[in-house]
Every structure is written in structure tokens, then in C-alpha cells.
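These are the residues of each chain, in order.
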Amino acid sequence: MSKSSPAFHIAQRAELSRGRAAAFRLLAVLFALGAGALFLLALGYQPLAVYGTMISGALGSPGMQKETLKLTIPLALASFGVLLAFKMRFWNIGAEGQIIMGAVGASYFAYFQNGLPQWALLILMAVFGILVGGLWGLIPAWFKTRFGTNETLFTLMLNYIALYFVTFLREGPWREAGGGFAAMPRFPRQARLPEVPFPFVGNLHIGWIVMLIMVALLFVYLKYTKQGYELTVVGENERTARYAGMPVSKIVLRTLFISAGICGLAGMLQVSGSDRQLTDGIGGGRGFQAVSVAWLARLSPIGALAVSFLFAVMQKGFSMMQTEYRIPASMSDILQGIILFCVLGAEFFLSYRLMRRREGLA
Amino acid sequence: MTSLFDQFLAFLYAAVLAAVPLLYGTLGEILTQKAGNINLGVEGMMYLGAIAGFAVGYATSSPALVLLAGFLAGALGALLYAFITVTLKANQNVTGLTLTVFGTGVANFIGEQIKTHAPVGTAFMSEGLKAGLTPLRLGALSELPVVGRLLFSHSVLTYLAVLCAILMGLYLNRSRRGLNLRAVGENPAAADAMGVPVALYKYAHILVGGGLSGLGGVYISMVTCLGNWQPNIVAGQGWIAVALVIFAVWRPLRAVLGSLVFGALSVLRLYISKDVVDIPAAIFSMLPFAVTCLVLVISSIRMKPEHCQPGSCGANYFREER
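These protein sequence lines are chains G and B, in that order.
Sequential numbering from 29 applies to the first sequence in this note's numbering.
Sequential numbering from 780 applies to the second sequence in this note's numbering.
It is possible that some hints are incorrect.
[Unchecked claim] The calculated DSBU-like cross-link candidates involving lysine-lysine, where the alpha carbons are at most 30 angstroms apart (straight line), are: (1) K94/G x K278/G; (2) K251/G x K98/G; (3) K98/G x K254/G; (4) K251/G x K894/B; (5) K868/B x K172/G; (6) K894/B x K909/B; (7) K115/G x K98/G; (8) K172/G x K98/G; (9) K868/B x K115/G.
Simulated from the structure, these hints should not be mistaken for laboratory data.
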């Protein structure tokens, strides 16, 4: 008997207090940074100096802070969208495609209906960004409710279709006339988001206000509205929801439209506020990052905001490291991987604990 | 007329060339999903295999070691994934995505280092190694008209891939272990109750699955790119492999057919004259993914349980939670 029973067994933990859980996560991040440091050391870099450059490169000056915040905005919005679907256990990993399609929807107005005054044009762009993004997410949701089609794989495929659709637009119908190589034109002035001052940093496109409003809205939506309650119940147990008489299909469709719509809005803000031109890089992997962000934030909107900011710091900091230390761009992928692996693995110890098996028991 | 036929043959040959890495990735992912795990890190494991094969090939010039290294590198990536999802029970999607980011980074980093430190500025493979991995000449067989080119003049890795598919089909459907594996994937609690060591099955098959993806990577760096390292060498083929799993409805032999179709789709543009069909390049690139969506939808409408993803895919198993 003792031969087959391991020295440890795992048991589920009671819910940890908020403070302890936060402390634990902090520990996990520190552990991850330590692992990354060992890796850097092995390659002959000074880890502390590299990390220092990373922080100062992301936050060292108002200009850098601005860039970091600009990276935060679309990522935070996309992760809000993703977490809404995840709460319902709908594995929407199609945020990338929904961002892209949202940007396409918005860009149509920027390119072809731009005779309107700025405020009207921007509102139209936002509305169509949300609509097109939302519809792109509605496709897999409809098939899921109607036929039980696997949403993880479907949303994944739709990312690539969206990506090649933008390439198609760039090489064909939306290509800038007379350009040497295939690219889409820059947005006219009235299709660009206005900038307003962000405390201590300076002018930043108004996406940051949208982002903050969205956190508040989402928080209230999930916590205090009937719809938010319904989607949580569907996520916890679909059968319970059905038994309680909830229209599950309708809830799934509605939630996915909102989820993908928020991702579409992220695309609109990115294309109109930062890129000011539709490019193939509009998604830029943000949709995939948003999946990690939402998960690491344990599906909390405020948490997602914080984690998005940390991701943006990493991303901006890495790009600084590259120029300062001539560290190749691929290094940032490696470090990001190491850090995520550590944090993901550490989540285990939040919900389970190892217990030593006592002699004679088991 | 002959020229048209020759062109068709060339097209088929190119389709096979493009199909092989997809087939490896697909087979690996089928095995992984049969164990109840979705590993979205196929792309990353292909990168790991590609760079390991490249590095070992550069250092040793031994085809056998190249294959071994590629397999092990892929399996190592899968080990990370398996540890985090099976033992530490983290979310499979997120872990797989992370593995893709990580593998891509590692491969691009090492590849660049090797290239910049190589004496002539870029790393060349020895002729002997290239001859060992690139298309074989099977004497008289390869000289046969039509069949010789289509069937008997491919890389060792091509034949190995088909062999793997056949063996995997037999394993899944005709062996006790295969049955146990399917039970683990469909309903781990039931398998556990039957006395099947669930975690061991998951680990073993995820690892072998990763190894197969790694071989796909070796094919890309050593055969497709003829031993010349380029940044972003895998370029999304791992994701197409994930899509192909659906197209193949989780069957290894269908994966052979599926990878041929997808391989053909990916090279079609180069062999169709613009005068015949004028479709933009981007739409061609979109085709495999669109076709996959179609297959996904059709197979879910037909609702045949044997054409569906294994039941427990995506959900981690924890015995005490039953």
C-alpha cells in the first residue's frame, strides 16, 4: 500500500483572504522575475541593470509613460471583453479578430464617409467598431447555441480570417492610390481621436477616459445588474440556469455581442487614437495577450486594468531594453513566457495545497 | 498538353512538401487532445523543434541526431505545458498560448545567435546532412514516370510522418492502451475509476504529441528551408495544424488527407495562372481557415460523437473534485 501512495497529496484550499492571495501573487511575480534574472545572468547580462532599464524605459519620463498608457488602453479594453465571455465559460479566444474587425468597421467611415464633423464621425466610428466587432463574435456564439459548435477553435480560426481580410483590403480595395507599396492611407484629421490631458503625463487620446468608464460600467454590470447575474449563473452551471428558466441561448448571444463589441471598440480606439491608419498590425497579438490578462486577473475588471498596465510596462520596457542593451526582440518573448509560466503555475498554490501524507494513513 | 500535366504534377509534389509539417503538428495535437488536453502551443513546439534540429545539424551533421533533437525539444516544450496544466491545473488555453510565445522567442533568439556567430555570417549545413534529410533518390523507383516523382522521391521525414499516422490510427482504435487513452480524454473520472493512471496517460501522450510537433519543426528548418535559418520560420503553420485537427475529425488517417488538402491550398496560388482564376493572394491564405470553420460547423451539425472533440478537452481533471 505504502508503495503506491505518494509522499504528498493535494487538497483544495479554503478561499484565501484577499490580502494573503494578493501577497501570494506578488511572491509569484517576484519568483518569476527571479527566474528571468537567472536566465539573463546565464546569457551574460546584468539582470538588475536590465530590469532597471525596463522600468525606467516604461515609466522614466512623461513621454515614456504616455507610450505605456497608449499600450494599456487597447489591451485593457480587449481583456474586459474577453473576461465577460470567460465568466460565462465561453472560451472566446477570438479577441484578436474582433479587434481587427472593429478597426475595419471604424476605418470604413474614416476612409469613405469622412465628410462629417469630427464628433459625429468619431461617434459613428465607435458605434460601427462595436457593431462589426460584436457581429464577428456573434458568429461563433450563434453556432455554439444552435449546434454546440466548439467556440475555442471557431474563434481561433476567425482571428486568421480577419487578419487576412485586412491584408486583402490593404492589397486591394483600400490600398492607397499611387503608393509605392501596398498600404492604406492615413486617417484624415477629423477621424483621429482628440487628445486630452492625463494627470502628470500630458496629452493622451481620449481612449483612456473610455477605458476608465468601461471599468466602472463593467463592474456595475457584473455586480449589480440582472444580465450580469444571469451570465454568471450560466457560467457556473448551465443546467441550473435552464432549470431556473433563464433563456440561456439569448444570454450567450447577448454576452458575446457585448464581449466582442468591447474588443471591437478596442480596435477602434487603437486605429483612431494611436495608429491613425489601418495596418496589418492592428491586432498585434493584443487579442491573445488579452486572454492571458483576463485569466491572470481572475476575471475581475479592475484586476484586468492593473494587469494590462503591467503588461504594457513590460512591453514598453522590453523595447527600451532592446535599444539599450542590443538584446534581440525575441528575448522579450522568452522573458514574457517565463514570467507567465511562473505566474500560471503559482495559481495552483492559491487553490490547492500540498499535504504530507502521514504514516499509516492513506 | 504535357506541360499542363507536368505543371499539375509539380503542384501535387509541392502540396506534399507543404503538407508534411502540418501533418506532424496535427498528429501531435490529435494525440494531445485524445488525452483531454488542448495544447495551443503547437506553433511554439514547432519552433523549438525547428531550432533544435537546426542547431544540432549545424553542430554534428548527423541526420539521426537532428531528428532526435527536434523530437526532444518539442517534447520538452510539451513537458512544460503538461506540468503546468496536468499537475498544477492551470488553464490550458492560456498555458498553450504562453508556450507559443515562449517557443517562438527561444527559437528566434538561438537562431539569430548561431547565425551571427557563424564564421561566414550565416550558418550552412554540411552537404552530407542535407542529403540525409532532403528528398531521397530511391534508384529505379524514383525514375518511374509520374509515380516515381509523386511517391518515391520524398524526404525520410515524409515517409516517417505517414508511418506515424498509420501507427497512431492503429494505436488509438485497435489497442488496449488506445482505448484507455480515449477514455481519459472523454471522461477522466470514469477512466480513473477503471484504474487507468490518468496523469501518466496525459503526460505520456502530451509529450509524444509535442515531440511530433517538434519533428514538424525539423522538417520546416531542414527540408522546407533547406537548412537556412530565417526569423519567424514557422509562420503560423502550427496554428493551421490546430485547425487541421478539426478538419481531420481527430482521426490520424484523415489527418494525412487533410494536410494534403491544406498543403495544396497553401501552394495553389503559385500554380494557378491569373488568367484562369484571379483571386487576391490574401483570400487564398484565408482559405484553409475558412474551410476549417466550415468543417467545424458541419461536424457539429451532424453531431456524430466520434467526430467531436474528446469530451473533457480543455477541462483539467482533479480527482478530489469529482
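A quick look at each hint next to the structure:
For the given pair, K94/G sits about 40 angstroms from K278/G by alpha-carbon distance, which is inconsistent with the 30 angstroms threshold. Restraint check: the Cα-Cα separation between K251/G and K98/G comes to about 28 angstroms, which is no more than 30 angstroms; the hinted pair holds. With a C-alpha separation of about 33 angstroms, the suggested pairing of K98/G with K254/G is violated against the 30 angstroms cut-off. Of the supplied pair hints, the one linking K251/G and K894/B is violated, its CA atoms being roughly 55 angstroms apart against a limit of 30 angstroms.
Restraint check for K868/B and K172/G: the C-alpha separation of about 26 angstroms stays at or below 30 angstroms, so the hint holds. With a C-alpha separation of about 18 angstroms, the suggested pairing of K894/B with K909/B holds against the 30 angstroms cut-off. Distance check on the hinted pair: K115/G and K98/G sit about 27 angstroms apart at the alpha-carbon level, within 30 angstroms; holds. This hinted pair does not check out: K172/G and K98/G have alpha carbons roughly 35 angstroms apart, beyond 30 angstroms.
Using a Cα cut-off of 30 angstroms, the hinted pair K868/B and K115/G holds, with the two alpha carbons roughly 18 angstroms apart.
Taken one by one, the earlier hints fail for this structure at numbers 1, 3, 4 and 8, listed in ascending order.
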